[in-house]
Amino acid sequence: MRKKFLEFVGQHNTVQKNRIQDDGYVRKVLLSLLPVDLKLHFVEKEKFSIEKEFYYEEHIVAELNSVRSESVLLRPKDARSPLPVVIAFHDHGGYYFHGKERLYMDAPFGSFMFEYRKKGYQGKRWVLDLVKNGFAVFCPDAFYFGSRRLSMEIIEKFVGNDIYQELLSMEEGTDEYIKLFNRISSQLEPIVWKNINLLGTNWPTVLLNEDIAWVNYLLAREDVDKNRIGSVGFSLGGFRSFLVSALKTEIKTCAVVCFMGEFDENMLGKYAVHTFMVHIPFLSRYISFPDIARLIFPRDLLIIAGEEDHLFPKERISVIKERLEKIYEQSPENLSFRVFPEGHVFSLEMQKEIELFFVRKL
Numbered sequence: 193m194r195k196k197f198l199e200f201v202g203q204h205n206t207v208q209k210n211r212i213q214d215d216g217y218v219r220k221v222l223l224s225l226l227p228v229d230l231k232l233h234f235v236e237k238e239k240f241s242i243e244k245e246f247y248y249e250e251h252i253v254a255e256l257n258s259v260r261s262e263s264v265l266l267r268p269k270d271a272r273s274p275l276p277v278v279i280a281f282h283d284h285g286g287y288y289f290h291g292k293e294r295l296y297m298d299a300p301f302g303s304f305m306f307e308y309r310k311k312g313y314q315g316k317r318w319v320l321d322l323v324k325n326g327f328a329v330f331c332p333d334a335f336y337f338g339s340r341r342l343s344m345e346i347i348e349k350f351v352g353n354d355i356y357q358e359l360l361s362m363e364e365g366t367d368e369y370i371k372l373f374n375r376i377s378s379q380l381e382p383i384v385w386k387n388i389n390l391l392g393t394n395w396p397t398v399l400l401n402e403d404i405a406w407v408n409y410l411l412a413r414e415d416v417d418k419n420r421i422g423s424v425g426f427s428l429g430g431f432r433s434f435l436v437s438a439l440k441t442e443i444k445t446c447a448v449v450c451f452m453g454e455f456d457e458n459m460l461g462k463y464a465v466h467t468f469m470v471h472i473p474f475l476s477r478y479i480s481f482p483d484i485a486r487l488i489f490p491r492d493l494l495i496i497a498g499e500e501d502h503l504f505p506k507e508r509i510s511v512i513k514e515r516l517e518k519i520y521e522q523s524p525e526n527l528s529f530r531v532f533p534e535g536h537v538f539s540l541e542m543q544k545e546i547e548l549f550f551v552r553k554l
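Note that our numbering has the sequence shown beginning at 193, numbered continuously upward.
Hints may contain errors.
[To be verified] DSSO-like cross-link-like pairs, simulated, lysine-lysine; straight-line CA separation at most 27 Å:
hint : residue 1 : residue 2
1    : Lys418    : Lys237
2    : Lys513    : Lys440
3    : Lys231    : Lys220
Source of the hints: derived by calculation from the structure; they are not laboratory data.
Owing to the predicted nature of the structure, the values given are computational and were not obtained by experimental measurement.
Turn these sequences into a full structure, and let the hints steer you where they fit.
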């Protein structure tokens with residue numbers, strides 16, 4: 193694939209990476225490609241709590257300039273403040289109508305969310321296991337999902353009237369509505385990507401700015417233990433966990449599930465199935481994605497890969513592992529790299545590995 197694609201594009205369009213790469217260089221590159229604002233802060237506007245069997249489900253509505261977003265904090269009933277917190281970043285999966293809810297919300301048997309969780313998480317609300325271990329779990333919506341999903345005004349602007357009217361005719365929140373909404377949102381990703389670029393920024397920056405603002409919201413809360421904050425995510429959630437941890441040193445432990453590829457010429461042919469949201473323009477001109485771990489070192493980092501994950505080249509797993517081990521050679525005990533005989537799924541075995549990681553490290 194690499195040879196054929198280079199013949200098509202032209203070898204003259206490739207660039208040699210800088211061989212001298214330290215953490216200062218990587219940080220400079222990352223902040224030049226991702227013009228994030230590390231001081232952004234969501235301001236809480238509404239909050240209410242729902243009592244569950246062994247935890248409280250705290251719903252938070254907050255604003256960031258004109259942006260209104262939502263998150264949920266799952267608090268163990270028997271926990272005392274300040275609380276150790278694990279930030280759980282949700283995935284993509286083509287499921288735009290809901291964001292954070294897929295991680296914790298109960299779902300009726302056979303419903304869209306039930307079937308989605310069955311496929312991606314083997315049916316388990318895995319964040320609740322972290323709550324049972326005494327951690328508060330913070331689940332924020334990502335840009336373009338859940339409370340930050342496309343508005344009807346934007347949908348009306350960019351889709352045909354027939355599809356728009358069909359969506360209007362359905363009851364919001366029903367499975368048929370969710371399926372059509374997801375299809376529309378998927379089709380509009382390239383259009384939203386282009387329009388974001390016209391603002392002089394890019395999709396990963398928009399995504400990460402809001403995640404960073406939520407982290408800063410957490411850091412401002414008196415009931416959060418600032419020395420015991422971790423992050424974890426599957427797929428797009430892994431991208432978010434890795435990048436936010438690299439940029440926010442207040443996150444002490446980072447876990448990434450099924451999202452570790454080089455995002456350079458070694459992934460040619462695989463990128464077609466990745467969302468626009470994880471495409472950092474020009475990244476491969478300077479560094480490979482795993483190099484970002486230099487900004488996490490020496491903090492604890494767990495990488496979980498699926499050997500049969502169709503989104504990432506199987507033959508590059510060992511290369512990436514060696515690259516990360518080189519970065520962590522001064523503190524090898526702080527790096528864990530696990531490979532499971534799975535595809536692109538957050539399996540029960542992976543979930544147990546995550547649980548043990550945070551119990552041990554956080």
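The hints, checked one at a time:
Restraint check: the Cα-Cα separation between Lys418 and Lys237 comes to about 22 Å, which is no more than 27 Å; the hinted pair holds. Simply put, Lys513 and Lys440 have alpha-carbon atoms about 23 Å apart, close enough for the 27 Å limit, and the pair holds. Restraint check for Lys231 and Lys220: the C-alpha separation of about 17 Å stays at or below 27 Å, so the hint holds.
In this structure, every one of the numbered hints holds.
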